[in-house]
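Student: Take these sequences, add in the hints, and give me the full structure.
Chains as they are written, first to last, in numbering that gives the first Met the number 0: chain A, 0 to 423; chain B, 0 to 585.
Below, a sample of chain A positions facing chain B; criterion: calculated Cβ distance under 8 Å: (1) 29; (2) 70; (3) 155; (4) 414.
A few chain B positions that, by computed beta-carbon distances, are all more than 10 Å from chain A: (5) 91; (6) 113; (7) 128; (8) 129; (9) 148; (10) 155; (11) 160; (12) 193; (13) 194; (14) 259; (15) 267; (16) 284; (17) 286; (18) 385; (19) 388.
What the hints contain is simulated information worked out from the structure, not anything from laboratory work.
Since this is a predicted model, take the numbers as computed values, not measurements.
Note that beta-carbon positions come from the ideal geometry of N, C-alpha and C, so glycine has one too.
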Amino acid sequence: MISCTNVDAFRHTMTEMDDDSLRDVSGQGLFVADMVRGDELTGANEYSTPFNFYRIGMDGEMQLNLNMSKLQLGCGGINDHLSGHAGCDIDIDYVTMMGRDGYEAGDSQSPVILDRPYMEFAIKNDDTRTMREVVGIKIGAATVNGFMATGRRYYQGVTNEENNGFASSCNPSAATGSGVVGCHSGLNTVSGFLGTDLSLTMRVKANICALGIVFGACLGAIGLDAWGCTGRTATNVDLCGTNQSDSVFVDLAGTRMQTLGLRAAELTLNGSGVVAALQALGLNDVYAQLNTDARSVHGLAFVDTSDFFLSFQREAVAYPRYSKITPTEEFTQNGQMGVALDACATTNMDTSRCHSAYAVPANTGWWLNAPSAKLVDVFNDDFDLGNQTVIDVLPLLAAPGFLIEHPEFQMQRAQNCYGSSTFC
Amino acid sequence: MQTMRQCMREVCYSARAGLLGLLALLPLCSLAAMERMDDAAMSDVSGAGIALGFEDFRWLTKPTSYFEQMGTDPVGDTTFQRADMRWYGLSITAVPDGSSGNEGFHWDASTGSFGSACTGTGLACPLGGVIPDFSPYDNPYVLRAFSPTGYSYDGTVLNSDPDNPDKTVYEYVAPTQQPYYNFAFWGEIEAGRTGANENLGTGSGDFLKTQTLIQGNAAGSIFRMFQHTQPGNETFAIMYHSHLRGDFRFSAAQHNGGAGNNGSDVIGVPVIFDEQEGLHFKNVDAFIPLGQLFYQALTLDAVPQQDGNFILEIPYLRDPSIPTSNPLNAAMEHFYSFAVPETTADSNDPNGHTLAGFITARLALLESTPGANIGAYKNYVSSTYGIPLADIELPESYNVTHGYSRWGDWYPCRGIGCPSVHTGNASHPDRNIFNSTSDGVFFRKCTGCNDFDAFAYMITAVDVRPGNNQYTCPGGSSCGSYTPRGISASSRTDNGRYYAQSDSCSAGTGSNAYRCGYGGSYSINAGSRYTHASRQDPSELFDVSSQAPAAGLPVIRTDVVNLGDARIEGMQINYMKFTSYGAGAP
Chain A
0 MISCTNVDAF RHTMTEMDDD SLRDVSGQGL FVADMVRGDE LTGANEYSTP
50 FNFYRIGMDG EMQLNLNMSK LQLGCGGIND HLSGHAGCDI DIDYVTMMGR
100 DGYEAGDSQS PVILDRPYME FAIKNDDTRT MREVVGIKIG AATVNGFMAT
150 GRRYYQGVTN EENNGFASSC NPSAATGSGV VGCHSGLNTV SGFLGTDLSL
200 TMRVKANICA LGIVFGACLG AIGLDAWGCT GRTATNVDLC GTNQSDSVFV
250 DLAGTRMQTL GLRAAELTLN GSGVVAALQA LGLNDVYAQL NTDARSVHGL
300 AFVDTSDFFL SFQREAVAYP RYSKITPTEE FTQNGQMGVA LDACATTNMD
350 TSRCHSAYAV PANTGWWLNA PSAKLVDVFN DDFDLGNQTV IDVLPLLAAP
400 GFLIEHPEFQ MQRAQNCYGS STFC
Chain B
0 MQTMRQCMRE VCYSARAGLL GLLALLPLCS LAAMERMDDA AMSDVSGAGI
50 ALGFEDFRWL TKPTSYFEQM GTDPVGDTTF QRADMRWYGL SITAVPDGSS
100 GNEGFHWDAS TGSFGSACTG TGLACPLGGV IPDFSPYDNP YVLRAFSPTG
150 YSYDGTVLNS DPDNPDKTVY EYVAPTQQPY YNFAFWGEIE AGRTGANENL
200 GTGSGDFLKT QTLIQGNAAG SIFRMFQHTQ PGNETFAIMY HSHLRGDFRF
250 SAAQHNGGAG NNGSDVIGVP VIFDEQEGLH FKNVDAFIPL GQLFYQALTL
300 DAVPQQDGNF ILEIPYLRDP SIPTSNPLNA AMEHFYSFAV PETTADSNDP
350 NGHTLAGFIT ARLALLESTP GANIGAYKNY VSSTYGIPLA DIELPESYNV
400 THGYSRWGDW YPCRGIGCPS VHTGNASHPD RNIFNSTSDG VFFRKCTGCN
450 DFDAFAYMIT AVDVRPGNNQ YTCPGGSSCG SYTPRGISAS SRTDNGRYYA
500 QSDSCSAGTG SNAYRCGYGG SYSINAGSRY THASRQDPSE LFDVSSQAPA
550 AGLPVIRTDV VNLGDARIEG MQINYMKFTS YGAGAP
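Tutor: Shown next as structure tokens:
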């Protein structure tokens, strides 16, 4: 852009250029583009081959910090036929896109960084101009580096202002159940694919009532107080490691999901008393099923994540990956195979999607694709299950495990304002 | 980037045009008569400006005329190629309604300036008649110098005395009301071009010919230029508040009129586009504030290495060297527009942060939700946080500093103050059915195309660790409590994981008010559109066996799919910085 603020300068420094002189001028183009056929890449499937994909990108880096008090996409419409009751494909309260610090939210006002943001059109029957159809739109970037914070956390026994159906009030003393969920708002429904690296550490407490529970009294109580962990954790209070082989990768996918779950989470316990005895015998691994309302999760980290995108489409579409190679090939080329904290960088936890240059098929409707999201180092130092009978705790011994419903993850909501307000 | 046909002086003309309106039409030599005015001289100017009144207005561009972005090969490690894009035939006309003088027509210029007749109306037709009151004399476009009240970057009030203004801006203001009009163009997106742009017929890359129609208006929009007030960054600044409302369509299919009349894939040749096909947005209402007067603005700069790249930035509201926790100044208070004192807090918050932003956001959300009980929420806030009711009020500035974008008119509301849950035996009347074309976002097939299969599945989680149970819920097996709230999964067919042909639920009262979910009662039926398709279940790409019935994947086979309505509320851009990559070394 040329600033013409001074007439004298304007007259003395600029001269008219003729066409021949202009022909020699070549500036950079702000936009870049690409066309990818749905059948040309490795792993082409019936959700990619009917389409050609046209990309338009901005040739640059975008840094962004923004807040949205409400994000609702795909409310009503065709996906009512999928789940009926849920209102929107994506419904999130208090969304913040910001920077990150490790796997947590960065400082207030820090920016998320999108490298070469682009838009992509899925075109069907592209070879026949009278039958050419716009099928879907994808908005993505080559890489995304930042943090998406969501929701609000309550710390007192008050009404949850954002939810008056399920879990409408907060019980700050609760360790599990609707009283926990009542202390959180945020992710109401999510549609998409989240390839999640998950880890958590909890100090599990319970009274195991060997002789049962009679009129609320625990008979023959055996105290349980132990640190349990799963996945790759950073803290040293637990026994979980920090290597790729210690990771727990969970592929979450679907439309209008409201709960996030993990079955057969293997918790490694370390503690005193009976736990110490079990630990000495190498029998300190127990199993748990985690079923949590998505509201309890207040953020996801994206660490140079490739193929993070938001799309909407009329039918299932497998969009090509930005790199146009498979995740496994990409990690191999970058020397990250066996190192990167991603299921596709392993040989024993990779699935078919790791060997396709096309993303997981996106459902009809709105779709959030985050193949390398981090939900790690979730930490709760006071997870009290209260009185449990022996029969209650038997599922700990084998998969799918002891059901822990709506546990308190103790995730904090990141601040993103100047001054003292959390949200603005 | 402008075409080679534009002279460099016209770049400066374009900048001047934003300031001087009609003077852009004068030859270069006239600029020698103009002198720069300083603020003191400008302050003597009162009510000066240019009004642009247009009645019975239409702007037609020949469909072969175009603007072009000529690309270059990108630098660095990327899979992208050079992009060349052309926008043809930009026109502003009336929204065709089929009445005399406002029949629609297409791009093909079959009768000189006007193309073949359009058989439809509205978004079916790219071009129409004249617009009776585009910007009438009593509500025109206005270009003027002005000194509005505002805040400096440091929070100082500016222009508090209209007789002694501190700062002046140049502003271009749209009419406050306008009829809906049709802004349309067709375009070409070309990837990987190798030939010179002087001869578009050779060396072309892969390209897509499309059409874009916007039928609405931008009434209330305002564009301002001023000097930024950030210390050390007192540079040229732009502020743009965009109000946009109406309908939108993006399409690619060309009309099939038989042999010799079935379109063209030759670059630069205008065609008739199919009147039905494409992506549609109906009932859009959006406000996007880019920058705020004086204290937040779009600024331009060069990349420090001076390699030809540029930076487009909305700077931070505070110098990053100053702690973010420092108290707000008046400009920040204007930006945040809290409805309650900033100190309103949850005393148990371990981080010591406050709740003013959450309460403000919720109050604003309710004020934009039809049927909401705002008083109930205010009463709750007053009693919970001890704030006098009269002190709970959303400042007017909130609607200037927070943007929104709404596509359609139905959004389930949950929480205190929301409208009563919809009851009865039918869906809420504004809740779009699967093939609605009147509201929200929908895709439609082309006239001669086959119906397509809409499909979605609902897996909850897949544990990819070897030897662990992999499951899909609801449905599947041993799902326990993995059941969506609202209805019983057992009432669903196909294990509750795929589309249902029909379903219904009647919301109750009291504790049963949300048994159908936050959307309330519903009754849906895809009728004969519901069928089964013999194709791979996407879950198999996760190495999870399909749960589909023997008949195949349940789908809804349709000519139109409505994705529902959407909204973003309370949007604030706190910081933005775009740094281009494309230029090489100078």
